[in-house]
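Chains as they are written, first to last, in the working numbering: chain A, 4 to 344; chain B, 343 to 590; chain C, 18 to 316.
Calculated from the structure, these hints are not laboratory results.
Model, not experiment: these values are computed from the prediction.
Wrong hints could be hidden among the right ones.
Negatives, chain B to chain A, calculated, CB over 10 Å [what the hints assert, rightly or not]:
(1) Thr353
(2) Leu360
(3) Leu407
(4) Lys589
Part of the chain A face toward chain B, derived, beta carbon under 10 Å [unchecked claim]:
(5) Thr237
(6) His243
(7) Pro259
(8) Arg263
The beta-carbon is built from N, C-alpha and C at its ideal position, and this holds for glycine as well.
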Amino acid sequence: MKLYSIMIFFKKLKKNIFLNFFNTILSLVILLTTLLVCLNTFRWFIFNADWRVVTSNLSLYAFGSFPSDEQWRPAIWITSLLLLSIITLCGPCWKWIQQNLLLAWMSTIPLGLYLLYGGFGLSPIMSRHLGGLTLTILLTVCSSLLSLPFGIVLALGRQSSLPLIQKLSSIYIDVMRAIPLIAVLFFGQLLIPLFLPVGIEIDRVWRAIFAFTLFVSAYIAEDIRGGLQSIPNTQIEAAHSLGLNQYQIMQLIIIPQALRIALPALTNQAIGLFQNTSLMAILGLVELLGIGRSILANPEFIGQYIEVYVWLACVYWLVCTIMAILARHLEQTMTINQTNF
Amino acid sequence: MEPIVIAKNLTKSYIQGLRALDNVSLTVNQGKVLVVMGPSGSGKSTLIRTFNGLETFDRGELNVLGIKIDATHNERKIQKIRKRVGMVFQQFNLFPHLSILENITLAPVHVQKRHQLEAEEYGMYLLNQMGIDSHAKKYPGQLSGGEQQRVAIARALALKPELLLFDEPTSALDPERINEVLDAMRRLAKQGMTMIVVTHEIGFAKDVSDQVLFMDSGKVIETSTPDVFFSNAKHERSRKFLNQLEKH
Amino acid sequence: MKRSRKIFLQFGIFIIVFSLIGILINNLTINLIRTGLGFNFNWLLKPASFALAEHALPYSTSDSYAWALLIGWLNSLKVIVSSLLLATLLGTVIGFARTGSNSLLGLISAGYITIIRQTPLLLQLMFWYFIGFLGLKENVLISIKNIFKISNQGIELTGLTFSSEFSALLFGLGVFTSAYIAEVIRGGILSVPRGQWEAFRSLGLSEQTGLIKIIIPQALPAIIPGLTSQYLNLAKNSTLAIAVGYSDIYAINDTIINQTGRAIECFIILLTSFLFLNLLISNSMEIINKIIINSKKYN
Chain A
4 MKLYSIMIFF
14 KKLKKNIFLN
24 FFNTILSLVI
34 LLTTLLVCLN
44 TFRWFIFNAD
54 WRVVTSNLSL
64 YAFGSFPSDE
74 QWRPAIWITS
84 LLLLSIITLC
94 GPCWKWIQQN
104 LLLAWMSTIP
114 LGLYLLYGGF
124 GLSPIMSRHL
134 GGLTLTILLT
144 VCSSLLSLPF
154 GIVLALGRQS
164 SLPLIQKLSS
174 IYIDVMRAIP
184 LIAVLFFGQL
194 LIPLFLPVGI
204 EIDRVWRAIF
214 AFTLFVSAYI
224 AEDIRGGLQS
234 IPNTQIEAAH
244 SLGLNQYQIM
254 QLIIIPQALR
264 IALPALTNQA
274 IGLFQNTSLM
284 AILGLVELLG
294 IGRSILANPE
304 FIGQYIEVYV
314 WLACVYWLVC
324 TIMAILARHL
334 EQTMTINQTN
344 F
Chain B
343 MEPIVIAKNL
353 TKSYIQGLRA
363 LDNVSLTVNQ
373 GKVLVVMGPS
383 GSGKSTLIRT
393 FNGLETFDRG
403 ELNVLGIKID
413 ATHNERKIQK
423 IRKRVGMVFQ
433 QFNLFPHLSI
443 LENITLAPVH
453 VQKRHQLEAE
463 EYGMYLLNQM
473 GIDSHAKKYP
483 GQLSGGEQQR
493 VAIARALALK
503 PELLLFDEPT
513 SALDPERINE
523 VLDAMRRLAK
533 QGMTMIVVTH
543 EIGFAKDVSD
553 QVLFMDSGKV
563 IETSTPDVFF
573 SNAKHERSRK
583 FLNQLEKH
Chain C
18 MKRSRKIFLQ
28 FGIFIIVFSL
38 IGILINNLTI
48 NLIRTGLGFN
58 FNWLLKPASF
68 ALAEHALPYS
78 TSDSYAWALL
88 IGWLNSLKVI
98 VSSLLLATLL
108 GTVIGFARTG
118 SNSLLGLISA
128 GYITIIRQTP
138 LLLQLMFWYF
148 IGFLGLKENV
158 LISIKNIFKI
168 SNQGIELTGL
178 TFSSEFSALL
188 FGLGVFTSAY
198 IAEVIRGGIL
208 SVPRGQWEAF
218 RSLGLSEQTG
228 LIKIIIPQAL
238 PAIIPGLTSQ
248 YLNLAKNSTL
258 AIAVGYSDIY
268 AINDTIINQT
278 GRAIECFIIL
288 LTSFLFLNLL
298 ISNSMEIINK
308 IIINSKKYN
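The task is simple: from the sequences and hints, build the whole structure.
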């Protein structure tokens, strides 16, 4: 039995890799190069690299300059996010867990804000003490949450039968999508203060969140518009024939379906947003990449670019992969329920 | 006997010269079943869609359940009609993001403002009547066409309508699935439901209908009892159409 | 909705939006007066007095800000066009490797795509710059006589020299975008129905002929829009040049703001240059699209 399956494996191998002369050569070259690259990387990893630049700064990467006796707060938050991901992906299918998952995910945001900023019994922390992965996650979560409703409104506005609303939303979406993110973030940091009345100030982190929201909502709007356009007119007719009014049709029939159709695109936006928070490193926030740069500026670790960047790439890759797996899980649970989607 | 639908001289033209409805007049009394037949593009779908305001018309007047509407297409009146008239579509048009039971309770809860539990109870009763109560928790995509269409009938019944409109309810079904839907419709007719049915099913029309209306190019060609229509149609064009139907 | 209500609603929204804009502009004017800057473009003609390492046209520190901006715009265009070519080339190769019959190659390309797509572009750019070019310990990495040379001074190709800033940006943007283009190509190939593959195989056509004659022509209409949006993304992403010190249009605007404090004016300049750049790219892709559609009709 075992022998048989090994034979099958080799047959498959032959079919897939050693199909003909050209492919055989190609495969061998690839195998050899991969082996060499892996070997060298491995050697560098163990012997050449000096990982102290990572290991002695772990708390900086995770929490930035958060006061050290309060670091349990962001730690709890990140751990709860991680635990929730694990439960969502491979937790038991107990009914009460499944039903309360969404609620749990929603409650992580107020929990995070409370833990990070303090108040109500916890000592208050200023925004400028936020940094590292904590800040990166905070930027991602808050901006994506804020840009979703804004994006829905813009998408509906662009589909509206009222010409003025349609024009305004279209102009906003098109202009936002034409300009680079860094320009919008720059606008958030330098220009928003100019547009505010004298005396009112918003701190840098929230200006960044605001700018990300302005930018991402235009992209989300286009994704949702795609969803809206793919809903057949017959759905609306059926809803009309049941006596539902315009607002009920929007709320109960159109928006839920459009969101489900746009879901893969929306999760991609969230992953993109997570990566793009790194741009704030150029504009002076010490999020994950920013903290890496400031560590590299420390004379003790100067020039250790490779270690720091490889480490940061691993962290970004890991979080992105977790997000992608969660997104695929979400899509699958939806398609299991509804085979037409 | 109380008239449920009175249409007078309904006319609708898409472009100049091409008429979807051409001076259509008809009356349907309470508890009666009207079957509308005709070749494709004859305006029969357009006709029954005007009865719940999915289509507008240019001239004539319409009285559905005592509510009069005309070419101005008054939204408020149409909304009143829709709350009392159910419709079943050719392509079922179930809401794919809602479960079977949610599809059925949607309108009672949000249009009639009934209590969720009460609506669910009545929804389960309707599903039971249609013989599909075991599927209540499933989603439309998991059901066969015949089952979906029975759900659609239950959804239309959930508002306790006084008139049911059927727009070719069996045309999108596999042949072996047609009868389960027709049987459900037969039962409804027996219970005294007023129905207007656009269909090509001769057997159903013979058994159930009180009147058959034959349309071509937007005009009513003839209105007869099924006995007369199927054995001895008055009009040449009706006979031709029936011949072609029987050949298939 | 009734017509009168529609008009009323639009009027209401019009008032809200414009009073909001009014308030913002009012705040802005107050703030600009307070800082003593005001709003004008007269400074554009003053000498820029900062040096630029890279300039396609002659430039000296006594040239005006406007001239510096033009240089920056040309620098942007240069890096966009060259990394666009590199990304298309790499992306096509990887896209085909991903869909091809060699599963080892498929696996490697899949790995390439996930690593590139799941890490931030900015990090990759810094990687290319600080490690790929500046980090070269010995001065010369590859040198083939005097034709082609890679060193920490950049790339030299038969007399043409590219600075290490430009080269890092070129490779960073090219490699990053290629992973996305590979997915676009793969999506286009997969969008051709399976029946088409079976049909050309059943006719006895070889894989290569079938791919070129049957599959690619049908995949192109699905590929072109995806390519266009990737090119637009690349153009927008090129503004990250500032991270490696390449003086593109954004970096020069940034320098000018630091020198003069003219944030609003520079932002407007940046906005218009990007609207123009976008129009340029999408219009050229539109022309390419038309050429492809037309050529299909005649074939």
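- Report holds or violated for the interface hint on proline 259 of chain A, using the least CB-CB distance to chain B and a cut-off of 10 Å. Since the shortest Cβ distance to chain B is 5 Å, the answer is holds.
- Could you check that no beta carbon of chain A comes within 10 Å of the beta carbon of threonine 353 of chain B? holds, 22 Å
- Item | Residue hint threonine 237 of chain A, partner chain B, criterion CB-CB below 10 Å | holds, 5 Å
- Query: Per the stated criterion, does the least C-beta distance between leucine 407 of chain B and chain A lie above 10 Å, as a non-interface residue requires?
  - Reply: The assertion about leucine 407 of chain B holds, with a minimum of 13 Å to chain A.
- Double-check histidine 243 of chain A for me: the hint is only fine if its C-beta lies closer than 10 Å to a C-beta in chain B. holds, 6 Å
- Query: Taking 10 Å as the cut and beta carbons as the points, is lysine 589 of chain B off the interface with chain A?
  - Reply: Correct as stated: the minimum Cβ-Cβ distance to chain A is 31 Å, above 10 Å.
- Holds or violated: arginine 263 of chain A as interface residue toward chain B, Cβ cutoff 10 Å? holds, 6 Å
- Task: Over 10 Å to the closest beta carbon of chain A is the bar; see if leucine 360 of chain B clears it.
- Result: It holds; leucine 360 of chain B is separated from chain A by about 21 Å at its closest Cβ, greater than 10 Å.
Checked against the numbered hints listed earlier, the structure breaks none of them; every hint is satisfied.
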